[in-house]
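Just need the whole structure built from these sequences, with the hints factored in.
Going down the list, the protein sequences come from chains F and Y.
For the first sequence, our numbering assigns the number 388 to the last residue and increments by one with no breaks.
For the second sequence, our numbering assigns the number 1600 to the last residue and increments by one with no breaks.
If you are wondering where the hints come from, they were derived from the structure by calculation, not from laboratory data.
Since no wrong hints were added, every one of them can be taken at face value.
In silico lysine to aspartate or glutamate, EDC-like type, Cα no more than 16 angstroms apart, as pairs:
(1) Y:K1318 - Y:E1360
(2) Y:K1572 - F:E305
(3) Y:K1576 - Y:D1307
(4) Y:K1400 - Y:E1504
(5) Y:K1318 - Y:D1203
(6) Y:K1566 - F:E300
(7) Y:K1570 - F:E305
(8) Y:K1224 - Y:D1280
(9) Y:K1330 - Y:E1317
(10) Y:K1570 - F:E306
(11) Y:K1564 - F:E305
(12) Y:K1564 - F:D22
(13) Y:K1564 - F:E195
(14) Y:K1180 - Y:D1069
(15) Y:K1564 - F:E300
(16) Y:K1566 - F:E305
(17) Y:K1482 - Y:D1387
(18) Y:K1538 - Y:D1505
(19) Y:K1224 - Y:E1251
(20) Y:K1572 - F:E306
(21) Y:K1538 - Y:D1492
(22) Y:K1555 - F:D22
(23) Y:K1566 - F:E306
(24) Y:K1506 - Y:D1456
(25) Y:K1564 - F:E306
(26) Y:K1555 - F:D158
Here is how the chains run, residue by residue.
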Amino acid sequence: MSPEAGLYVHVPFCSTLCPYCDFAVNLATEARRSRYVELLLTEIALRGRPDAPFDTLYFGGGTPSLLPASGLRRIVETLSDLEWLSAGCRVFLEANPEDVNEASLAGFRQARVSTLSLGVQSLDPESLRFLGRGHTRDEAVRAIALSCRSGFETVSVDLIYGLPGQTEERLRQDLEDAVALGPDHFSCYQLTVHERTLFGRRKREGRLEEASEAAQSGLFRVTHLVLESAGYEAYEVSNFARAPEHRSRHNQKYWTHAPYLGLGPGAHSFDGRTRAWNERSFFDWERRLRREEIPVAGSESLRGEELLLETLMLRLRTREGFDLDDILERFGVDLLDLNRALIDKSLEDALLVRDGSWLRPTLDGLAVADGLAGAFRLSPDPWKAAHL
Amino acid sequence: MSSDLVRNFCIIAHIDHGKSTLADRLIQRCGGVADREFRDQILDSMDIERERGITIKSNSVTLLYRAKDGNEYQLNLIDTPGHVDFSHEVRRSLMSCDGALILVDASQGVEAQTLANLYVAMEYNLTLLPVINKIDLPAADVDRIREEIDSDLGLDPFEAIPVSAKLGTGIDELLEAIVKKLPPPTGDPDAPLKALIFDAQYDSYRGVVALVRVRDGRIAAGQKIRLMHTDKEYEVEEVGLLQLKRVKTKELVAGAVGYVIANIKAIRDIAMGDTITDADRGASEPLPGYKEAKPVVFSSIYPIATDEYEDLAKALEKLSLNDPAIIYQKDSSSALGFGFRCGFLGLLHLDVVQERLEREYGLALLLSAPSVRYRITLESGEVVQVDNPSLYPDPSRIAKTEEPFIKASIMMPERYLGSIMELCRERRGEKSSFHYLAQGRVELTAELPLAEVLFDFYDRLKTLTQGYGSFDYELLDYRETKIVKVDILVNDEKVDALSQLVHEDKARVRAMHYCEKLAETIPRQQFRIAIQGAIGAKIIARTTINAFRKDVTAKCYGGDITRKRKLLEKQKEGKKRMKMVGAVEIPQAAFIAVLKSDES
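Pasting the structure below:
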């Protein structure tokens, strides 16, 4: 049984550019914003109907809440009319707190949005200033409370932590303030300073100092402990749900190699073997669509070993972990045999736990998931193979 | 040419006393080479010899000199290696001479190697002519050196010729003295052929070019010859003189020094010091001088990239064509893969071989800690020779272990005597004694385990004496000792390439040093890494590398996956050069840091 596919729509507009963000975004001109919906409908038409309907539709950005309600509704209705969406399809939308009010929420509801993801980032005024956000603590609190009362299946709050100089105590306070508002889901991202951002430039110039590894490690654990003790289960490195039904059905597809189609500038698609990505700039994306071309800029077809490496890298981010038997079956690779010492050591140090044929990361394991994924040997040593 | 007009001689000197420069000057003065073709240290043909200022392979050159008496003399200058590691080559070179110039630096004076080589020259009854070099230096003190020549060398100080090889001062006087004071060769041209092979070069077109000194008889192209030790017969293709390049002649007669080409494929097919005689009219007794060069220092060589193993095998084979003193056999380590266990004449020889392999063959190498060869008597009465820690027998089966001792001779200004005696004591020295030489200089002799000299002894000596100490040694005998095998464990897994045999008193310090070096060079991983030194099951040293506790990136969604995978692939590529010991990745750099570092 092939898993059901997800549909991602990238909305590349923001009202301000955040100093930490390296996504494909631009400051929306009114003209571009009004052309966007038409262009997206063109891409939908060019792509043609999928083999099977999608069971998730995710509006990410950028700032999807900047889309006019009518535009959003048109996109969803078109997809629905074209039978791209399954009956139980969940619709996700990222929104900025300053865009949230009774009217906009009603519009989202009309567009069948079931999960609202609020880009709160922090409830601490100083952190909000540092992050250059366009909303205040009070606006954020109001937005969360209002959203929670508006009949969405899931309301999620996005937070950023690990800001320079942030103490564990201040982070704990920030998290507890957010928990008190009762959202169903949290995405808590440790600040990453990307090179091609304003923060990246400040770092190069020595004006921004990232938290040390020890500090980051402490903040990571505080985040997990506070949320877990408040009843939110960490099902992924940065994602926490109050109950299994609140887990992001869409995002889980990325971590399980389920297929997905991405529409809009810079969006990525994956069919189980090949990953493709759209033109990243709005200009190129528009130009290709005007020529009635599918706006794919590049693609890669993954070899077995690449797929396997991704599998480990992605699965080790999830609490579920991976199934050794499944990997043996799908890739013909006996990971246990190739990595006995590594696995024994990881179990001994409680980075992993074994559950039948599954290896699941613990909290300590999640914290070092990247190093762990890189440590696995995926094929026999060619030198040993030749000599033994 | 009558043998009365031939002089065969060599130059004996301590390292850096200017032997190669003096040779250069003699060659130039005799017109052996056009000025424009001239380059410094012309007899040192290997790059490594020029750069380090050492002579590794002997060379020989024939000079034609018109003396003041009106005769043209044929001067055969046989270059000798100065370093103790190459003493077998020194001996063979000396055997082919009738006289020797004893070169002494006008400021440094008599040094350990001057003396050591002088004794060898005396064994072979060479006529000795002292030469004082570097008289142009401000620190030169010719009178003091004359005194040393008298008291330390027992030679006539007034015969000594002062020269400056650098400036060419005194070279004419020296050439006249060579002709007048050194004897012509003796030997009977009509007796059966006896020619001593004192060195050989390898020519990829002609095969082996043997350098010989003809003692009796004559040798010419077409002649059938027999090598007396290997008992192999060849037909001579060509003979001639070495005048920097080979100059073919009709024959070589008694007294001559020259080369012989006889279709010999590899240098290991001949034995240095062997005697060439006529296949039909053979001499009854070979010349004395055949002595097998025995390796005393052992180390395993591994290519850093395991796939360069075949290249290493080929390089060693080629290198041994003109350096038959290297011995090697296959070896393997679970941490480092396949390599070779090699035997060397000494530490410098090891160094030179490593450098030649790296430079001439472009290989990146790892060498295990050098070891001496221990003689182990088992409870069963069986005696085994062990130089490789991996072959060390179970200690419970060992009745007795013996290790090689050397007699070290160290010369230095008196003021350093205390600290050098202390150094010898630290290094388990026995029976040290000293005597005063001329002018506040002392010669200290001590009997030391060779193993103790392998670890930075020479560097420490140089440091403690601020460069004024000189060192020479000869092998003495085997003595009973207490050796333990120290293993290095990384998270309880033994790293076989780092095991070593150490005297029990030194085990803990050595183990701690290894542990600390590894802790500095192994990158942090997601586990805590325990590094331990152990003797059997007993832990004697320990360090720890703490785990990193957070490395995971915050976001990983559709657009992040490819980039993130590529990052991991790049890291994995870098790890290909790491060695896995259990779950721990050890970079090559860690092995290099540990194996190259000194103890201090």
